[in-house]
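Fit chain to chain and form the complex, with the hints in mind.
Going down the list, the protein sequences come from chains A and B. Okay, so the first sequence: first residue is 1 according to this note's numbering, each after it adds one. Okay, so the second sequence: first residue is 1 according to this note's numbering, each after it adds one.
Do not take every clue at face value.
[Stated by the list, open to error] So, partial list: chain B residues that the calculated Cβ filter (under 8 angstroms) puts toward chain A:
hint, residue
1, 10
2, 12
3, 13
4, 14
5, 18
6, 25
7, 137
8, 138
9, 176
[To be verified] Simulated restraints on C-beta separations:
hint, chain 1, residue 1, chain 2, residue 2, range
10, A, 535, B, 155, 30 to 36 angstroms
11, B, 160, A, 535, 42 to 48 angstroms
12, B, 40, A, 381, 24 to 30 angstroms
13, A, 286, B, 123, 32 to 38 angstroms
14, B, 7, A, 212, 29 to 35 angstroms
15, B, 40, A, 308, 56 to 62 angstroms
16, A, 260, B, 162, 37 to 43 angstroms
17, A, 336, B, 58, 46 to 52 angstroms
18, A, 182, B, 68, 48 to 54 angstroms
19, B, 7, A, 308, 45 to 51 angstroms
[As the list claims (entries may be wrong)] For lysine-lysine, the following DSBU-like pairs were computed, each having C-alpha atoms within a straight-line distance of at most 35 angstroms:
hint, chain 1, residue 1, chain 2, residue 2
20, A, 492, B, 44
21, B, 163, A, 332
22, B, 163, B, 44
23, A, 332, B, 32
It is worth saying that the hints were derived from the structure and are not from the lab. Note that beta-carbon positions come from the ideal geometry of N, C-alpha and C, so glycine has one too.
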Amino acid sequence: MKRRLFLSSAILAAFAVILTSILVTGAVHQIFQTSMKREVAAEATYLCAGFEEYGADYLNRLHLKHDHRITIIDPQGVVQFDSKGKPETMENHRDRPEVQNAWQSGSGEASRVSATLREETYYYAILMQDGSVFRLASSTQSLLAAYDDLFWLVVLIVLFGCGLAALLSMLFTRTIVKPLHRIDLDAPEKNASYEEIAPLLSRIQHQKHQISLQRQELDHQRLQFAALTEHMNEGLIVLDREGTVLSCNKSALRLLSIHLSSTVGLHMLSLHRGQRFRDALQQAMQGESAADVLELDGRYCQCFISPVREEETVLGIMVILMDVTERQEREKLRREFTANVSHELKTPLTAISGYAELMMNGVARPEDVPEFSHSIYEESQRLIALVRDLMFLSRLEEGLAPPRERVNLLTLSQRVAAALDSKAKRVSVSVSVTGEALEVDGISSVLQEMLYNLLDNAIQYNRPGGSATISLRQEGEDVLLQVSDTGIGIPKTEQSRIFERFYRVDKSHNRTIEGTGLGLAIVKHGAALHHAQLELQSDAHGTCFTLRFFGAESSNTTI
Amino acid sequence: MRNRFDKQLDTLHTSLIHMGALCEDIIANAAKALLDGDELFCQKAVVIEDEINLLERDIEQMCVRLLLHEQPVARDLRRITAAQKMITDMERIGDQGLDIAELSKFMLGSPVKSDIHIADMARATIKMVTDSIDSFVHSDLEEAIAVIAYDDVVDDLFDKIKKELVDQILKDNRMAGDCLDLLMIAKYFERIGDHAQNIAEWVHYSLTGSRDADLSGISP
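If we strip away everything but chain B, and leave its shape as in the complex, we get (with noise of 0.2 angstroms):
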C-alpha cells in the first residue's frame, strides 16, 4: 500500500513534469516569435510566463510542507531539495524566454537574422532543456551527463555569433542596432543553456548524491 508521503512525492514529480513542459512551450514559443516573426507566439509566451510563476509558487510551497510535516531522509531528501533548486531554474528559463519574446518584438522583418547562426543556437538550446527535462521525467543519469557535456557546444555557437556579429557591424553599420538586440538575445539562450545544464546537475545530484558529474569519455 502506498503511503501518502509517496503519493505526495508522486505529485511534485508530475507538478515537475508540468512546469519543465511549460519551460519547453514558453521557449519554442520564443524562438518562433523570433524567427517567424510572428507576435501571436509573444504574447503566448506571456500568458505561459505567468502559468511558470505561479507554478514556481506552488511547487515551492509543497516543497516546504514536505520537508516540515514529513522530515524525509537520504533519497526523498535528496529529491526534495533538488526540486526546489530545479523550479529555480526553471523560472529562470521562463523569465528569459519571455526576454528573447520581447526583443523579437522590436527585430520583425530584421535580416540580420538569417545571416547568423541564431536559428542553430536556438535549435541547441530548445535540444538541451528538453534533454535536461527528459533526463528528470526517466531519472536517465545518462542523458543528464549527456546534457551537461552539451552546453559547450552552447557556449561556442554564442562565441561564434559573437564573432558574425561583430564582422556584420563592421561590414555595415546601419543594422548594428539589431545586431545588439541579436546579441542579447543569443546571450539570453546561452544562459537558458545554463539553466538547463544546472537541470541537469541537480537530477546527477537527486540520484547519486553528487552534483559532479564525471564527464570523461562523453564528447556533446
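Same shape as in the complex, but just chain A (with noise of 0.2 angstroms):
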C-alpha cells in the first residue's frame, strides 16, 4: 500500500513538476519576448530619429549593449553601416523579410534563429526618409536554450518532488491503516472504522461466528467419543498410517500394563512390541486387518487390527484389545472336562467289552463266569451312576429347580446316614448325627443328594476307626449344617480345585476309591441353588464342610 501510494504521488508530481515548468517557462517566455520586441521597436524608432538628425556620428558614438546591433541598408540593400562587423564583407540585404516590410510599409520586423538553435535575433526595421532602412537588432535567448538552462533545476524540483511525495505517502499511509490496525478482530461488528470496508467486517464476524459454532459442535462430539471410549471395558487404540498413537483410552493401556499419563504422539511399538503384535500391525499398515490372541503378563487378550481405508490407501488403523483370560480358561476347563468325562466313560465300558468278549469267545472257564458278570455287572453300576450324576449336574446347572418346599434337614440326615451304614460298617467308620430339627426353604432331592455325597466323601477318605458326624445348629437367622470327618485331610493348594468335575486329589485315577467324580462339583452347584454358603476348612487331621442356609425369615423381615 505504501509503495504503490509513493509510486503514484512520485509520478504525479514529476510529472506536474515537468508540465508546469514547460508551460511557464514558455509563457514567461512569450511576454518576455513580447516585451522586448516593444521595446526593440521604440528604440529603434529613437535611434532612427537621432541618426536622421546627427547623421553617422550619431551611431559611431553610441554604447550599445552587446546584444544590439544597427544596421543602415541602402535603397539597393547594400549595407552602408554595421556595429558590429565590417559593412563591405556582409552581403545584400534586399531580400531579408524586415527590409523588404519597411520599403513597403515603413517598418517591418522579423525574428531568426541562430544556427546552434541557442540565440533568437529579433529585427526591427524601419524605412528612412531617404529611402534607406535603419534596423536594430537584439539577440536574445530562445526558448529552447531557456529550456536547456532550466534542465538541471527541473531535475532537483523534481527529485525534492519525490522526496516529498515519499515522506507524504508515508503518512497517508500511516494515518489510513492506523484505524485498520485498531480494528478488533475478536468483536469485528464493534467498531467504528471506514464504512468501506464494513461488509468485510460483517463477513468476518459471520464466520468466526460460523467456526465457533462447528468448534462447539466438534469439542462436543469429541467429548462424547472420549466419554464412550474412556468407559469401554474393550481397549481402543487410534492410530495414524504410519502407528502413531492419535487416541488410546483407558482399558487399551490397563490391558497393555502401561503407565504413563500421555501416549499421544507416541509410536505403537511405545506400548507394545511383541513379535506377533508387530506382524499384525505390519499386516493392517498394508491394508489387511488381523487379529490375533496376546499373552501379556500372563492374561490373555484378544487383539483386532484393522486399517481404516479410503479406496486403497490406508489412513489409519484401528486397535482392539479385550481381556479373553477368562475365556480362555473356560475354554481350558471345558477341554479338561470333556477329556475326563471320555477318560470315565471309557474305562468301565472297556472292562465291560473285555470280560463281555472273554465270555462271548468261550475262552471263560465256567467258574469264572459269576465273578466276569460281577464285575461287569459293576461296572454297569459305575456307569450308570456316573451317567445319573452327570445328568444330575446338567440340570442342577440349568437352574431347573422343582418346587420348593419346608425340608426337615434332621430326618434328612438321619436317611442319608443310614443309606451309607453298611459302607460306613465295611471300613469301620462311625456315623453320627447330631443336632435340633431345623427346617429350610429347599428341594428335598437335591439337598439330599448333596449330605450323601458330603457323607460319602467322609466315610470314603477316612480312617479306620474314625468318624463322620453330621451335625445341625441354629446361628441367629441362619442355619448352619456341617459335615465333619476324621480323615486324611485336603492339602492347601487343592482346596480351590476339589469342587471342579472329576478333579481328585489322588491323580493316578486309583480304582480303589470309588465314585464317580462329581459329587462335590454337585454339593457346589446345590449349595448354589439353595444360596447356601459353602465352607471348607481342612488338615492334616480331617476335614470339615459347613454348609450355611441363610435364614428365611430374615429375608422376610428385610423386605
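Have a look at this one:
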C-alpha cells in the first residue's frame, strides 16, 4: 500500500513539475519576447530619429549593449553601416523580410534563430526619408536554450517532489492504516472504522460465528467419543498410518500395563512390541485386517487390528483389545472336562467289553463266569451312577428347580446316614447325626444328594476307626449344617480345585476309591441353587464342610 | 508444527524399539530352543538374527545421516550417539542369542539341563533385556538404573551354575561334554546380561548426559 501510494504520488509530482516548468517557461518567454519587441521597436524609432538628425557620428558615439546591433541598409540593399562588423564584407540585405516590409509599409520586423538554435535575433527595420532602412537587432536566448538552462533545476525540483511524495505517502498510509490496525478482530462488528470495509467486517463476524459453532460441535463430539471410549471395557487405540498413537483409552493402557499419563504422539511399538503384535500391525499397515491372541503378563488379550481405508490408501489403524483370560481358562476347563468325561466313560466300558468278549469267545472258564458277570455288573453300576450324576449336575446347572418345600434337615440327615451305614461299617467308620430338628426352604432331592455326597466323602476318605458326623445348629437366623470327619484331609493347594468336575486329589485314577468324581461339583451347584454358603476347613486331622443356609425369616424381615 | 528433524528422530526411536523387540524375540527363541529342545526355535533365531543385522545397518546409516545433515546439539546429539552405541550392543545380543540357539542343537534331550539353574538364568536375562528395552522405550531413568543393578543377579547366577557344573562333572564325568556346552551357554547369557546393562547405561546417558548411574539404595 505504502509503495503504491508513493509511486503514484511521485509520478504525479514529477509530471506536474515538468509540465508546469514547460508551460510557465513558454508563457514567460512569450511575455518577455513581446515586451522585448516593443522595447526594440521604440528604441529603433528613437535611434532612427537621432541618426537622421545627427548623421553617422551619432551612431558611432553610441555605446550599444552587446546584444544590440544597428545596421543601415541603402535602397539597393547594400549595407552602409553596421555596429558589429564591416559593411564591405556583408552580403546584400535586399531580400531580408524585415527590410522588404520596411520598404513596403515603413517598418518591418522578423525573428531568426541562429544556426546553433540557442539564440534568437529580433530585427526591427524603419524606412528613413532617404529610402534607406534603419535596422535594430536584439539577440536573446531562444526558448530551447531557456529550457536547456532550466533542465537541472527541473530535475532538482522533481527529485525534491519525489522526496516529498515519499514522505507524504508514508504519512498518508499511516493515517489510513491506523484505524485498520486498531480493528479488534475478535469483535469486528463493534469497530467504527471506514464504512468501505464494513461488509468485510460483517463477513468476518459471520465466519467467526460459524467457526465457533463448528468448534463447539466438534468439541462436543470429541467429548462424547472420549466418554464412550474411556468407559469401554475393551481397549481402543487409534493410530495414524505410520503407527503413531492418535488416541488411546484407559482400558487399553490397563490391558497393556502402561503407566503413562499421555500416549498421544508415541509410536504403537512403545506400547507393545511383541512379535505377533508387530506382525499383525505390519499386516494392517498394508491394508489387511489382522487378529491374534496376545499373552500379556500371564493374561490373554484378544486383539483386532484393522486398517481404516479410503479406496486403496490406508488412512489409519484401529486396534481393539479384549481381555479373554477368563474365556481362555473356561475353554481350558471345558477341554479338560470333555477329556475327563470320555476317560471316565471309557474305563468301565472297556472293562465290560473285555469281560463280555472273554465270555462270548468261550475263553472264560465256567467257574470264572460268575466273577466276570459280577465285574460287568459293578462296572455298569458305575456307568449308571456316572451318567445319573452328570444328568443331575446338568439339571442343576440349567437351574431347572422343582418346587421348593420345607425340608427337615435332621430327618434327611438320618435317612442319608442310614443309607450309608453299611458302607461305613465296611471301612469301620462310625457315623453320627447330632443337632436340632431344623427346617429350611429347599428342594428335598437336591439336598439329599448333597448330603449323601458329603457324607460319602467323609466315610470314603477316612481312616479306619475314624468318625463322620453331621451336625445341625442354628446361628442367629441362619441354619448351619456341618459334615466333619477325622480323615486324611485335603492339602491347601488343592482346596480351590476340589469342586471341579472329575478333579481328584489323588491323580492316579485309583480304582480302589469309588465315586464318579462329580460329588463335590454337585454339592457346589446345589449350594448355589439354595443360595447357601459353602465353606471348607481342612487339615491333616480331618475335613469339615459347612453349609450355611441363610434364614428365611431374615429375608422376610428385610423386605 | 513438527519439523523434519523431529520426525526423523521419531523414526530412529521406532526403529530402535523394533530392533530391541527383535532382541527380545531372539533370546526368547534361544531359551525355548534350549529348554524345550525344539529345533524349530533355532531356525527362527537364525531368521531373526539376519533381521537384526539388517536393521543395525539401517539405523547406523540413519544416525550418520542425521549427524551430518542436521548437526544436532545437546540432547538430540546425545540421543543419536546413544543410539549408535545401543545398536552395537543389540547386535551383539542377537549374535549371542543365535550362538545359544545353535549350541542348544547339541544338547537336545540332554538330562543335564534339568539339574542346573540354567532356566533361571535364561529368565533373568530375558527380564534384563526386556527391562532395558522398556527403559529405553519409556525414557524411564529409574528402570534403567534398576537394570544396571540387576546385572549382579545374572553374574551371581553364572557363578552358581559354574559351581553346579563342576559338581556335576565330578559326580558323573560321562556328561562332561554337555556340561561344557552348558557352561558356554551360561556365559553367553551372562554376556547378554552385560549388553543389556550397557543399553541401560546408554539410556541413562541419553537422559542425563552421564553413563555412571548412582546405584546407592538400589537392591536388585
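Item to check | Hints violated by the structure (listed by number, smallest first) | outcome: 2, 9, 10, 12, 15, 19, 20, 21
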